[in-house]
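Colleague: Sequence:
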Amino acid sequence: MPPLSVLIVDDEAWIAEELADGMDSAGIAARGGQSAADALGALAADDGIGAVITDLRMPGQDGLSLARDLLAGRPPEKALKLVVMTGHATIDDAAAAVRTGVFDFLRKPFAMDEMLDVVAKALAAVRQERHDALSRHATASRLAVAEAESAALRDRDPQTGLPNRVAFLARLAELPAAGGVLALGLDRFGAVAEGGGRGMAEDVLAEVAIRLRAVVPDAGLLARIADVEFGVVLPDLPEAGALALGQAMLQAVAMPIACQGHSIVLPAHAGFALARALGGASPDVATQVALA
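Taking this note's numbering, I'd label the letters of the sequence shown as residues 1 to 292.
Keep in mind that the hints are not guaranteed to be accurate.
[Said to hold, decoys possible] Label pairs and their computed distance ranges (CB to CB): (1) G199 <-> L153: 40 to 46 Å; (2) G48 <-> L153: 38 to 44 Å; (3) E194 <-> R276: 37 to 43 Å; (4) A44 <-> S135: 23 to 29 Å; (5) A178 <-> E202: 20 to 26 Å; (6) A254 <-> S135: 16 to 22 Å; (7) E202 <-> E149: 20 to 26 Å; (8) H131 <-> G261: 56 to 62 Å; (9) I210 <-> R74: 49 to 55 Å.
Simulated from the structure, these hints should not be mistaken for lab results. Note that CB positions come from ideal geometry on N, CA and C, so glycine has one too.
Just need the whole structure built from these sequences, with the hints factored in.
Modeller: Structure representation (structure tokens):
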């Protein structure tokens, strides 16, 4: 976090300048202003101001009114502390300062060391509040990313990278009347796993997924819905389009797959079901109809 600075507001310029010089000498960056308007402008332009020291009695907007404007609704990552100084304080003034959220209330005259002590405590409190706010934001961001990744994994098939059955059924449940579903199943795939082992089976499934992605329109959801079954949900699927897409999917899978020194040919079957013909059937029934 970059160093914080102090803004001193007093309609008597020499007081603001003297306090700023004293703070500069103590290693605290400070500058002066002569009105509430000066303070509002400075803070709008510089989030690095961590503390404002303001005179209570000033022409126009006084110190307490300025404090209310600066503190109201201020986010914790831009935390700010107000110190009010005055030579004419009353008990009511002090009570009003506490209600406003003023960090401290100093009576004039005061020693420079007293002011430096108050400012050091104010800046330390601001640093802690801003640090805590940034930490909360960072934690919330990490949790959001982790939750998004977890949600994505819940809906994703780890072997092919395609949406899984959960995602497929969720999309199918929202199928519009003009839509439809296609399903493709691989035949005699067990021989691939028995002959080449799990590694070969996974490589072949990944290649099938790549090929099917290449022919399924962007508007469709292609998913792995079972061990050797793939499904497609399309929001707009006329019968002729379903026949053409089913044929394209079968042709894509029918091409020999080179894997681990072998050329593998996979027989497959496919079918489709149109939403208007399903009559509100459940997603599972719709899939069974497509593969029937």
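Colleague: For the range 49 to 55 Å, tell me whether the beta carbons of I210 and R74 fit it or not.
Modeller: 53 Å, holds
Colleague: Could you say whether the range 20 to 26 Å given as a hint is met by the Cβ separation of E202 and E149?
Modeller: Taking Cβ atoms as reference, E202 and E149 lie about 22 Å apart, which means the hint holds.
Colleague: Indicate whether the distance between the beta carbons of A254 and S135 respects the range 16 to 22 Å.
Modeller: Between A254 and S135, where Cβ atoms are some 57 Å apart, the hint is violated.
Colleague: In this structure, is the beta-carbon distance linking E194 and R276 contained in 37 to 43 Å?
Modeller: Holds, since E194 and R276 (Cβ atoms, about 42 Å apart) stay within the stated range.
Colleague: Per the hint of 20 to 26 Å, is the separation of the Cβ atoms of A178 and E202 within bounds?
Modeller: Given range 20 to 26 Å: violated, Cβ gap about 36 Å.
Colleague: Taking the Cβ atom of H131 and the Cβ atom of G261, is their distance within the range 56 to 62 Å?
Modeller: Roughly 59 Å apart at Cβ, these two residues keep to the hinted range, so it holds.
Colleague: Within 40 to 46 Å: is that where the Cβ-Cβ distance between G199 and L153 falls?
Modeller: 22 Å, violated
Colleague: Could you check the hint for me, namely that G48 and L153 are 38 to 44 Å apart, CB to CB?
Modeller: With a Cβ separation near 42 Å, G48 and L153 satisfy 38 to 44 Å, so the hint holds.
Colleague: Looking only at beta-carbon atoms, does the pair A44, S135 fall within the given range of 23 to 29 Å?
Modeller: 26 Å, holds
In summary, the structure is inconsistent with hints 1, 5, 6 from the numbered list given earlier, while agreeing with the others.
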